[in-house]
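Trainee: Protein chains in written order, with the working numbering: chain D, 1 to 373; chain F, 374 to 746.
In case anyone wonders, no lab produced these hints; they're calculated from the structure.
Every value quoted in this text rests on a predicted model; they were computed, and no experiment measured them.
Every residue, glycine too, gets a C-beta built ideally from N, C-alpha and C.
Be aware that one or more of the hints could be misleading.
[What the hints assert, rightly or not] Simulated DEER-style distance windows between Cβ atoms: (1) F:Val639 to D:Gly233: 18 to 26 Å; (2) F:Ser486 to D:Tyr148: 45 to 53 Å; (3) D:Gly179 to F:Arg420: 37 to 45 Å; (4) D:Arg353 to F:Asp417: 33 to 41 Å; (5) F:Asn695 to D:Glu4: 37 to 45 Å; (6) F:Arg420 to D:Gly233: 21 to 29 Å; (7) F:Arg420 to D:Arg102: 32 to 40 Å; (8) F:Val639 to D:Glu303: 44 to 52 Å; (9) D:Arg285 to F:Gln728: 52 to 60 Å; (10) D:Arg47 to F:Glu479: 37 to 45 Å; (11) F:Gly741 to D:Glu72: 20 to 28 Å; (12) F:Glu377 to D:His309: 27 to 35 Å; (13) D:Glu153 to F:Asn695: 22 to 30 Å.
Here's the letter readout for the chains.
2 protein chains.
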Amino acid sequence: MKFELVATDGAARAGRLTTAHGVVETPIFMPVGTHATVKALGPDDLRAAGAQIVLANTYHLFLRPGHDLVKELGGLHRFMGWDGAILTDSGGFQVFSLAKLRKITEAGAEFRSSVDGSSHFLSPEIAVEVQQALGADIIHPLDECLAYPATREATERSLALTLRWAARSKRAHAAGATGQALFGIVQGGTDEGLRSEAARATVDMGFDGYAIGGMAVGEPKPMMYDLTALVVGLLPSNQPRYLMGVGKPEDLVASVARGVDMFDCVLPTRNARNGHLFTRFGDVRIRNAVHRTVNHPLDDTCECYTCRHFSRAYLHHLQRVNEILGARLITIHNLHYSPALAAGLRRAIDDDRLQAFAAAFAADRARGTGPDG
Amino acid sequence: MKFELVATDGAARAGRLTTAHGVVETPIFMPVGTHATVKALGPDDLRAAGAQIVLANTYHLFLRPGHDLVKELGGLHRFMGWDGAILTDSGGFQVFSLAKLRKITEAGAEFRSSVDGSSHFLSPEIAVEVQQALGADIIHPLDECLAYPATREATERSLALTLRWAARSKRAHAAGATGQALFGIVQGGTDEGLRSEAARATVDMGFDGYAIGGMAVGEPKPMMYDLTALVVGLLPSNQPRYLMGVGKPEDLVASVARGVDMFDCVLPTRNARNGHLFTRFGDVRIRNAVHRTVNHPLDDTCECYTCRHFSRAYLHHLQRVNEILGARLITIHNLHYSPALAAGLRRAIDDDRLQAFAAAFAADRARGTGPDG
Numbered sequence: 001m002k003f004e005l006v007a008t009d010g011a012a013r014a015g016r017l018t019t020a021h022g023v024v025e026t027p028i029f030m031p032v033g034t035h036a037t038v039k040a041l042g043p044d045d046l047r048a049a050g051a052q053i054v055l056a057n058t059y060h061l062f063l064r065p066g067h068d069l070v071k072e073l074g075g076l077h078r079f080m081g082w083d084g085a086i087l088t089d090s091g092g093f094q095v096f097s098l099a100k101l102r103k104i105t106e107a108g109a110e111f112r113s114s115v116d117g118s119s120h121f122l123s124p125e126i127a128v129e130v131q132q133a134l135g136a137d138i139i140h141p142l143d144e145c146l147a148y149p150a151t152r153e154a155t156e157r158s159l160a161l162t163l164r165w166a167a168r169s170k171r172a173h174a175a176g177a178t179g180q181a182l183f184g185i186v187q188g189g190t191d192e193g194l195r196s197e198a199a200r201a202t203v204d205m206g207f208d209g210y211a212i213g214g215m216a217v218g219e220p221k222p223m224m225y226d227l228t229a230l231v232v233g234l235l236p237s238n239q240p241r242y243l244m245g246v247g248k249p250e251d252l253v254a255s256v257a258r259g260v261d262m263f264d265c266v267l268p269t270r271n272a273r274n275g276h277l278f279t280r281f282g283d284v285r286i287r288n289a290v291h292r293t294v295n296h297p298l299d300d301t302c303e304c305y306t307c308r309h310f311s312r313a314y315l316h317h318l319q320r321v322n323e324i325l326g327a328r329l330i331t332i333h334n335l336h337y338s339p340a341l342a343a344g345l346r347r348a349i350d351d352d353r354l355q356a357f358a359a360a361f362a363a364d365r366a367r368g369t370g371p372d373g
Numbered sequence: 374m375k376f377e378l379v380a381t382d383g384a385a386r387a388g389r390l391t392t393a394h395g396v397v398e399t400p401i402f403m404p405v406g407t408h409a410t411v412k413a414l415g416p417d418d419l420r421a422a423g424a425q426i427v428l429a430n431t432y433h434l435f436l437r438p439g440h441d442l443v444k445e446l447g448g449l450h451r452f453m454g455w456d457g458a459i460l461t462d463s464g465g466f467q468v469f470s471l472a473k474l475r476k477i478t479e480a481g482a483e484f485r486s487s488v489d490g491s492s493h494f495l496s497p498e499i500a501v502e503v504q505q506a507l508g509a510d511i512i513h514p515l516d517e518c519l520a521y522p523a524t525r526e527a528t529e530r531s532l533a534l535t536l537r538w539a540a541r542s543k544r545a546h547a548a549g550a551t552g553q554a555l556f557g558i559v560q561g562g563t564d565e566g567l568r569s570e571a572a573r574a575t576v577d578m579g580f581d582g583y584a585i586g587g588m589a590v591g592e593p594k595p596m597m598y599d600l601t602a603l604v605v606g607l608l609p610s611n612q613p614r615y616l617m618g619v620g621k622p623e624d625l626v627a628s629v630a631r632g633v634d635m636f637d638c639v640l641p642t643r644n645a646r647n648g649h650l651f652t653r654f655g656d657v658r659i660r661n662a663v664h665r666t667v668n669h670p671l672d673d674t675c676e677c678y679t680c681r682h683f684s685r686a687y688l689h690h691l692q693r694v695n696e697i698l699g700a701r702l703i704t705i706h707n708l709h710y711s712p713a714l715a716a717g718l719r720r721a722i723d724d725d726r727l728q729a730f731a732a733a734f735a736a737d738r739a740r741g742t743g744p745d746g
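Could you build the full structure based on these sequences and the hints that come with them?
Mentor: Okay, here's the thing in structure tokens:
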């Protein structure tokens with residue numbers, strides 16, 4: 001993997017990440033493909049949406065269909081028919097948010113499956129092995145994800161474990177020689193001192209890029225932005241930075257301005273299935289009765305398939321009758337919106353006009369979608 | 374609407390139906406778009422599947438979003454973004470199969486909505502008015518659908534009502550002058566005498582085409598085929614014939630051989646969502662464990678998007694984890710299969726080799742999908 005900086009504007013950067021599965025132009029938004037599919041979309045739809053890289057969840061694929069089977073079938077790219085880049089998380093976040101009866105020891109995480117209650121064990125070494133079998137372009141070390149809020153003592157203890165696991169992951173990854181990039185994950189909770197310590201210690205170990213974990217878990221927005229800026233300032237400028245689980249439009253803009261290159265978030269896809277859309281002129285809840293008779297698109301300025309072909313009234317109807325096409329068309333819109341926003345940020349950085357872009361973005365979003373919206 | 378016979382082979386016919394929304398080459402399979410969407414697919418997918426005409430359900434659209442709103446929004450074609458032909462049924466079948474507390478009088482059908490229990494009334498005149506508002510290319514008169522089995526007396530009484538309603542529908546349609554084609558529906562249950570009487574009386578009234586209703590409701594297959602042949606023999610040869618609700622592959626072939634031109638059925642789409650696929654070499658239940666590790670497509674000879682890009686193992690996985698993409702990819706396959714079968718029948722009729730085609734079809738289907746299937 002190669003990362004080049006193309007342009008900067010303040011702390012913000014435009015870059016090119018070259019992977020074995022194509023070039024990823026940063027800033028980039030990565031759609032989430034939990035079970036080796038971005039919900040409601042196929043790989044052709046992802047290409048049409050401008051996706052260059054998708055995220056898949058190690059935890060989910062470890063449970064179903066199993067990493068050994070995916071490997072036997074030729075790896076994740078072939079399995080899901082996606083020839084672009086893939087990033088896998090380590091499974092840590094899901095072990096903490098989804099799994100039942102988990103028990104954390106120095107060795108790793110024992111847990112029961114959220115699907116069928118069966119017992120499983122993930123260690124740093126196993127998490128790397130699973131991700132090597134899946135064959136993503138970018139993989140991550142197993143980390144412990146703290147709930148928010150946490151005491152300083154709990155955060156210190158957790159960070160120390162995450163760092164020891166990171167060192168083990170790095171050794172396991174080096175032994176594998178798969179050519180996959182391994183990102184480090186900076187944890188440290190909401191304490192500035194611990195976040196700084198986490199960033200320095202992770203960078204000292206040396207990874208191919210750096211993820212910032214444990215954000216957008218309930219902490220106030222200003223705190224998230226400040227901690228992001230703090231961590232970013234301690235990361236090497238010649239490597240990519242990935243803010244995990246963050247994807248609201250405003251957060252994308254704010255975090256890119258602070259020097260983040262990569263994002264993932266389930267919101268564009270999950271919200272879509274609930275009829276919640278992101279648009280240039282603010283968010284839209286398409287199930288609201290006000291859209292029932294509206295014979296124009298969600299956003300006249302949007303170039304996605306959904307906005308080019310369908311009225312709000314039709315999308316409202318599809319959602320009200322729970323048709324799959326409703327989930328699909330709104331997912332198409334939301335997954336056009338987020339990559340397009342990232343691409344807009346990239347062009348603004350290239351042209352040294354990020355501040356003006358961010359101001360116009362905020363004004364547009366605040367405008368609302370008009371009397372019909 | 375214009376219908377031309379292009380070729381015949383025994384009782385089977387190849388034809389061209391010219392509508393205000395394009396040409397429909399018969400024999401044709403019509404995907405069912407209940408709520409103004411063929412489940413899991415958009416209009417672009419329908420085109421890619423070779424669909425030339427889709428069916429929409431008057432009953433469902435009458436309830437949600439309402440025919441007046443669809444009219445106000447520019448009609449069904451514009452609403453659902455489909456510029457091909459559309460056929461609507463009369464709502465009769467759903468009033469009898471879905472609605473609650475229905476009460477049939479000479480005037481029409483009073484019923485409570487299967488969605489929210491609200492009260493509604495459909496008369497022959499209202500059913501025509503609803504279909505005029507929706508704006509389909511081909512519409513149908515309200516009919517009474519008998520449950521199978523029914524006594525001769527019940528069938529006689531029901532048929533007489535259906536015929537009186539047909540006459541009223543015809544007058545209402547003539548008064549509307551919308552340019553839509555109105556098909557007659559031949560009922561008559563399983564009694565050959567009543568079926569013949571129904572066919573003669575319906576033809577005497579004079580419609581733009583003839584639907585055969587009340588089939589595939591539980592009667593034995595040979596009976597369905599015989600009754601179809603009987604009715605078809607009494608219909609004018611220069612008008613299209615539509616066998617309502619029939620769409621299993623074997624039934625398509627058998628009915629085309631008996632002179633049917635048009636079909637609709639929810640099976641290709643409903644089965645798809647349950648992981649039940651039609652293939653050249655027999656049906657496949659993709660959820661079965663045998664497909665878990667199969668790294669080749671459903672059918673190597675199929676040209677659909679799904680078969681060109683994905684393994685059985687991936688489809689099996691998507692179904693097991695209940696991903697929307699699973700429903701979508703299998704729907705794409707099934708809705709490629711049925712129109713392709715109809716197109717194959719058409720070419721065979723054109724070449725005067727229907728019998729050989731039917732024999733090869735039966736042999737292929739009986740072969741099964743091999744040790745991996």
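Trainee: A separate judgement is required for each hint: does it hold in the structure or not?
Mentor: Hint by hint, here is what the structure shows:
1. F:Val639 to D:Gly233: 18 to 26 Å: Distance hint for valine 639 of chain F, glycine 233 of chain D is violated at roughly 59 Å.
2. F:Ser486 to D:Tyr148: 45 to 53 Å: holds (46 Å)
3. D:Gly179 to F:Arg420: 37 to 45 Å: holds (41 Å)
4. D:Arg353 to F:Asp417: 33 to 41 Å: holds (36 Å)
5. F:Asn695 to D:Glu4: 37 to 45 Å: Distance hint for asparagine 695 of chain F, glutamate 4 of chain D holds at roughly 41 Å.
6. F:Arg420 to D:Gly233: 21 to 29 Å: violated (52 Å)
7. F:Arg420 to D:Arg102: 32 to 40 Å: Violated: the Cβ-Cβ distance is about 49 Å, outside 32 to 40 Å.
8. F:Val639 to D:Glu303: 44 to 52 Å: violated (34 Å)
9. D:Arg285 to F:Gln728: 52 to 60 Å: The hinted range 52 to 60 Å holds for arginine 285 of chain D and glutamine 728 of chain F, with Cβ atoms some 58 Å apart.
10. D:Arg47 to F:Glu479: 37 to 45 Å: violated (58 Å)
11. F:Gly741 to D:Glu72: 20 to 28 Å: holds (25 Å)
12. F:Glu377 to D:His309: 27 to 35 Å: Since glutamate 377 of chain F and histidine 309 of chain D have Cβ atoms about 32 Å apart, the given range 27 to 35 Å holds.
13. D:Glu153 to F:Asn695: 22 to 30 Å: violated (41 Å)
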